[in-house]
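Chain by chain, the residues:
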Amino acid sequence: MSTPSTEPPKSQRVKEVIERVTIRFAGDSGDGIQLSGNQFTLATAMAGNDLGTLPDFPAEIRAPAGTLPGVSNFQISFSEKSIHTPGDAPDVLVAMNPAALKVNLKDLAKDGTIIVNSDNFTPVNLKKAGYTSNPLEDGSLGSRRVIQIPINELNLKALESSPLSKKERDKCRNFYALGVIYWLYDRPLEPTLQWIADKFAKNPAVVEANQTALRAGYYYADTTEIFTHSYTVRKAALPPGEYRNITGTEAMVLGLVAGATLAETQLFYGSYPITPASDILHELARHKNYGIATFQAEDEIAAVCAAIGAAYAGNIGVTGTSGPGVALKGEAIGLAVMAELPLVIINVQRAGPSTGMPTKAEQSDLLQAVVGRNSECPVAVLAPATPADCFNTAIEAIRIAVKYMTPVFVLSDGFLANSSEPWLLPDISTLEKITISHKADVNDFKPYRRDPKTLARPWVIPGMPGFEHRIGGLEKEDVTGNVSYDPQNHEKMTLTRAEKVRRIAQDIPPTQIVGEPSGQLLVIGWGSTYGAITSAVENVRARGKKVSYVHLRHLWPFPSDLGEIIRRFETVLVPEMNLGQLKLLLRGEYGLPVIGLHKVQGRPFKISEIQSKIEELI
Amino acid sequence: MATMTAPAPQTPKPTRKDYESDQEVRWCPGCGDYSILAQMQRVCADLAIPREKLVFVSGIGCSSRFPYYMNTYGFHTIHGRAPAIATGVKCANPDLMVWVMTGDGDGLSIGGNHMLHTLRRNVDLKIVLFNNRIYGLTKGQTSPTSEMGKITKSTPIGSIEHPIQPVAFALAAEATFVARAIDGEPQHMQEVLKRAAQHKGVAFVEVFQNCNIFNDGAWEYLTAREIRDDRIIELRHGQPMKFGKNLDKGLRLKGFRLEVVQLGQGVSESDLLVHDETDEDASLAFLLSRENPDLPVPIGVFRSVSHPTYDGLMKAQIDDYTSKRGKGDLRKLIHSGQRWTVGA
Ligand SMILES: Cc1ncc(C[n+]2csc(CCOP(=O)(O)OP(=O)(O)O)c2C)c(N)n1
Ligand code: SF4
Numbered sequence: 001m002s003t004p005s006t007e008p009p010k011s012q013r014v015k016e017v018i019e020r021v022t023i024r025f026a027g028d029s030g031d032g033i034q035l036s037g038n039q040f041t042l043a044t045a046m047a048g049n050d051l052g053t054l055p056d057f058p059a060e061i062r063a064p065a066g067t068l069p070g071v072s073n074f075q076i077s078f079s080e081k082s083i084h085t086p087g088d089a090p091d092v093l094v095a096m097n098p099a100a101l102k103v104n105l106k107d108l109a110k111d112g113t114i115i116v117n118s119d120n121f122t123p124v125n126l127k128k129a130g131y132t133s134n135p136l137e138d139g140s141l142g143s144r145r146v147i148q149i150p151i152n153e154l155n156l157k158a159l160e161s162s163p164l165s166k167k168e169r170d171k172c173r174n175f176y177a178l179g180v181i182y183w184l185y186d187r188p189l190e191p192t193l194q195w196i197a198d199k200f201a202k203n204p205a206v207v208e209a210n211q212t213a214l215r216a217g218y219y220y221a222d223t224t225e226i227f228t229h230s231y232t233v234r235k236a237a238l239p240p241g242e243y244r245n246i247t248g249t250e251a252m253v254l255g256l257v258a259g260a261t262l263a264e265t266q267l268f269y270g271s272y273p274i275t276p277a278s279d280i281l282h283e284l285a286r287h288k289n290y291g292i293a294t295f296q297a298e299d300e301i302a303a304v305c306a307a308i309g310a311a312y313a314g315n316i317g318v319t320g321t322s323g324p325g326v327a328l329k330g331e332a333i334g335l336a337v338m339a340e341l342p343l344v345i346i347n348v349q350r351a352g353p354s355t356g357m358p359t360k361a362e363q364s365d366l367l368q369a370v371v372g373r374n375s376e377c378p379v380a381v382l383a384p385a386t387p388a389d390c391f392n393t394a395i396e397a398i399r400i401a402v403k404y405m406t407p408v409f410v411l412s413d414g415f416l417a418n419s420s421e422p423w424l425l426p427d428i429s430t431l432e433k434i435t436i437s438h439k440a441d442v443n444d445f446k447p448y449r450r451d452p453k454t455l456a457r458p459w460v461i462p463g464m465p466g467f468e469h470r471i472g473g474l475e476k477e478d479v480t481g482n483v484s485y486d487p488q489n490h491e492k493m494t495l496t497r498a499e500k501v502r503r504i505a506q507d508i509p510p511t512q513i514v515g516e517p518s519g520q521l522l523v524i525g526w527g528s529t530y531g532a533i534t535s536a537v538e539n540v541r542a543r544g545k546k547v548s549y550v551h552l553r554h555l556w557p558f559p560s561d562l563g564e565i566i567r568r569f570e571t572v573l574v575p576e577m578n579l580g581q582l583k584l585l586l587r588g589e590y591g592l593p594v595i596g597l598h599k600v601q602g603r604p605f606k607i608s609e610i611q612s613k614i615e616e617l618i
Numbered sequence: 001m002a003t004m005t006a007p008a009p010q011t012p013k014p015t016r017k018d019y020e021s022d023q024e025v026r027w028c029p030g031c032g033d034y035s036i037l038a039q040m041q042r043v044c045a046d047l048a049i050p051r052e053k054l055v056f057v058s059g060i061g062c063s064s065r066f067p068y069y070m071n072t073y074g075f076h077t078i079h080g081r082a083p084a085i086a087t088g089v090k091c092a093n094p095d096l097m098v099w100v101m102t103g104d105g106d107g108l109s110i111g112g113n114h115m116l117h118t119l120r121r122n123v124d125l126k127i128v129l130f131n132n133r134i135y136g137l138t139k140g141q142t143s144p145t146s147e148m149g150k151i152t153k154s155t156p157i158g159s160i161e162h163p164i165q166p167v168a169f170a171l172a173a174e175a176t177f178v179a180r181a182i183d184g185e186p187q188h189m190q191e192v193l194k195r196a197a198q199h200k201g202v203a204f205v206e207v208f209q210n211c212n213i214f215n216d217g218a219w220e221y222l223t224a225r226e227i228r229d230d231r232i233i234e235l236r237h238g239q240p241m242k243f244g245k246n247l248d249k250g251l252r253l254k255g256f257r258l259e260v261v262q263l264g265q266g267v268s269e270s271d272l273l274v275h276d277e278t279d280e281d282a283s284l285a286f287l288l289s290r291e292n293p294d295l296p297v298p299i300g301v302f303r304s305v306s307h308p309t310y311d312g313l314m315k316a317q318i319d320d321y322t323s324k325r326g327k328g329d330l331r332k333l334i335h336s337g338q339r340w341t342v343g344a
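Same order as they appear, the protein sequences are chains F and V. With the numbering used here, the residue at position 334 of the first sequence is 334, and numbering never jumps. With the numbering used here, the residue at position 120 of the second sequence is 120, and numbering never jumps.
So that you can see chain F by itself, here it is in the shape it has in the complex:
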């Protein structure tokens, strides 16, 4: 256990260069943990490191202060090398109270460091967290280094001359703590000072207090001798260009705006609030000057229906929700399949059936997307791999939807939506325009006459004279679109709808294989497990062992070359945050044995979990 008095004098403090650090901030949901995490992330991004983050917060808006369910976490990993995950085990845990310590201790590396706000380790708080004795004193923290800082007291002292009330001054303590960590990891203060200035511009006293707290924390770490070391992580060798840090939600929204811009068409977003998808609505609603209409519907059914109506009338129709919302939208998605209208459905997946675990991530809506409706109801399904990749995926979803006149699912998840990474800003002049090419001739117009290549029917929009026609959810007669109960026609139309969606595969680029094109073991992943699988595969390969990796963006249809690739390997491993949904689809599609690795804890895979499974198989 470390206390200031036992630390060596300042002159002996060492500035150590390290390759990678993983820090977890933990505290009450009211402690501003997510805000601190985001600011630290921004400072880290601007310091030039590669990084990954994992925000993890309770579903309750404000669980009782100091209790275990009220703990909010934010983990960040940053490195001088390219990294793909927010890290397995934190090296440093910043615990603002006993509950935060209790909840997170088991994840901390054995030789990790714990920084605590000792002022919060009061008998009352210890009791609330279920401690019978003070872990800072009873030796239960083992070999970990513990740094105790009386943050409440130091913060108030630093803000003595502030005109703010005590309660308001207390609120600044997360910036005080942040200042300490900035010193420890050699982060620049400027981005955060600037952020504070912008954020609280209307209230100079608040700006002053928060900036003072941040600086005071920094100087405290610098002048007192609580740390023997400070650390530097060098800039990563990222591809050159302009960057910003971006979450999956932000990237998804920018992708939707970009898609609408590229299509030169108004985008209509119909949605009903649900965690973790609501933020897409919040963000899009701020972008109305980009040709965006947002509609907060009375429920998910109305949300998707309004998007379908808007698509019928010529807009890019988009609806976003999470699993339970998709369950409600199922029937309407079937209508869009039958009416062959373009529609984008974003599912920010969350854990568990019913309301499950709203703030926790899972990948268990894959089958719901591919087959989770009545009858043969094919739609395209895409999944972004990383937060920044949400941008490209949203654009691609719009492109496929209008080109093939079909609903397209985008399977994001709570982890992708909330976590962030540095994003190399795209050159928008290189983005391909989205053109709607299927034509119709007014003299011989038939609503279900198809483009021979894509099988898309024309997108004829109400208001166009001479093209008046009726569509609906009842089975269509081929070409005319009239209602038909003819058995042969129904079979033909069912096959045609399936074939149309399968033809989307003609637009999928050749599958990229990491590693050898054939061999003993192929790992196939999809969605947000990308980072953990990539790191695991890299680690195994760095040890000279052979394992190959394919990450799928297209979950339905599969890329045309996938079957052939799978056949070149002895074993296929599919790690998924579900009980084997892609595994089931691959087995069904290719009839080959596939092994699954499953995790359903509402948390992303650790690299080590995937790595040991790979090692077991080779």
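If you are wondering where the hints come from, they were derived from the structure by calculation, not from laboratory data. Just to be clear, a hint being listed does not mean it is correct.
Stated by the list, open to error - As a list, the in silico BS3-like pairs of lysine-lysine whose alpha-carbon atoms are at most 30 Å apart:
{"hint": "1", "chain 1": "V", "residue 1": "Lys-200", "chain 2": "V", "residue 2": "Lys-13"}
{"hint": "2", "chain 1": "V", "residue 1": "Lys-324", "chain 2": "F", "residue 2": "Lys-202"}
{"hint": "3", "chain 1": "V", "residue 1": "Lys-200", "chain 2": "F", "residue 2": "Lys-199"}
{"hint": "4", "chain 1": "F", "residue 1": "Lys-110", "chain 2": "F", "residue 2": "Lys-599"}
{"hint": "5", "chain 1": "F", "residue 1": "Lys-199", "chain 2": "V", "residue 2": "Lys-327"}
Unchecked claim - Covered by chain F, per the in silico footprint, the following chain V stretches (three or more residues, Cβ under 8 Å):
{"hint": "6", "stretch": "198-212"}
{"hint": "7", "stretch": "314-322"}
{"hint": "8", "stretch": "325-335"}
Virtual Cβ for every residue (Gly too), placed ideally from N, Cα, C.
Based on these hints, arrange chain V with the ligands on the given structure of chain F.
Frame of chain F; chain V with the ligands shown alone:
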């Protein structure tokens, strides 16, 4: 947008025929739906609404087959959801005249929630609710407008549900135009539909419609020739509320209730209530809409007030925001927030 060739010009003076599609109408012979279809086609012709501007959106039910029979744009959707889909259509293109054709089950049971919210938002949609007090398409179960005690296939020993009053529902939802018509009174229905078409904002029209197969004579207790004049009162804006064969009866307010009075016996026309459909306060309209065996049942326009429409506000907000902020520049948006540069 799909590329289209030049449109065929429409005849200058449209007739009912111009609005008839080539599809065979498949309702049961004698169904009240035929009359509604015929009146709608006449109204569209009378108002010379360009066919390409008309969109009929429906849910599911016998009545919801309606769009197939109109030679306009049409979207036969899913059970109960027509108001939501039509909201999307209208918001995407406010130039269209969008009608929602729905049944009592479609619009008030499975779609009750959407109906409520569409009405309160004042989306500029024309909603026609065919009320036959039964589920027709699924062959005769109770609907939310079926009377208490009703024997149907799903209630063989009688319904134990209290019915909803569609007009009262629409008024309570703050609909800006609320009216009622009867399938057997074509002239009056045309008048009402015309008014609905001309209303800017949500227009809700309940039509008493006979399902001669599963609920024959459901409205006879009001509409039978011998009693019709004593049981039905036609609302006319600015006119005293009079009814009866010789227009010798009227409605008057007694405390918080309506009462029927006989003209002549110490009661004159000036004692009667005068209908004001433009009253912002819908209380009297609501009173009129309540079912009461002692009172005649009103038809005609209960309420017609002018409020901004949802689709209009949506468009105005987008336009206004765009003119204030400037048309969005994607490059600027992507290059916003705190950024840094990594050198080559
Ligand atoms: C989701 C769903 N549930 C149930 C049905 C079956 N269904 C079709 S129409 C209908 C009731 C129609 O009654 P109403 O709206 O009064 O119309 P009517 O046929 O009397 O004109 C029902 C229950 C359906 N098509 N879809
Ligand atoms: S079942 Fe009733 S409502 Fe349906 S078409 Fe026949 S008569 Fe009309």
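key: Straight-line alpha-carbon gap F/Lys-199 to V/Lys-327, limit 30 Å   = Within the cut-off at roughly 25 Å; holds.
message = Under 8 Å between beta-carbons, do enough residues of the stretch 325-335 of chain V, three at least, approach chain F for the coverage claim to hold?
response = holds (count 9)
request  = Assess, step by step, whether the Cα of V/Lys-324 is no farther than 30 Å from the Cα of F/Lys-202, and give holds or violated.
outcome  = Since the Cα atoms of V/Lys-324 and F/Lys-202 sit roughly 22 Å apart, the hinted pair holds (cutoff 30 Å).
key: Distance restraint between F/Lys-110 and F/Lys-599, which requires alpha-carbon spacing of 30 Å or less   = Within the cut-off at roughly 23 Å; holds.
inquiry  = Three residues or more, CB to CB closer than 8 Å: is that satisfied between the stretch 314-322 of chain V and chain F?
reply    = holds (count 5)
query = Going straight from one Cα to the other, do V/Lys-200 and F/Lys-199 come out at no more than 30 Å?
reply = Between V/Lys-200 and F/Lys-199 the Cα gap is close to 43 Å, so the pair fails against 30 Å, i.e. violated.
task = For the pair we were handed, V/Lys-200 and V/Lys-13, check the Cα-Cα distance against 30 Å.
result = Satisfied, since the Cα-Cα distance of roughly 24 Å is no more than 30 Å.
query = Has the stretch 198-212 of chain V got at least three residues whose CB is nearer than 8 Å to a CB belonging to chain F?
reply = violated (count 0)
Going through the hint list in order, the structure does not satisfy hints 3 and 6.
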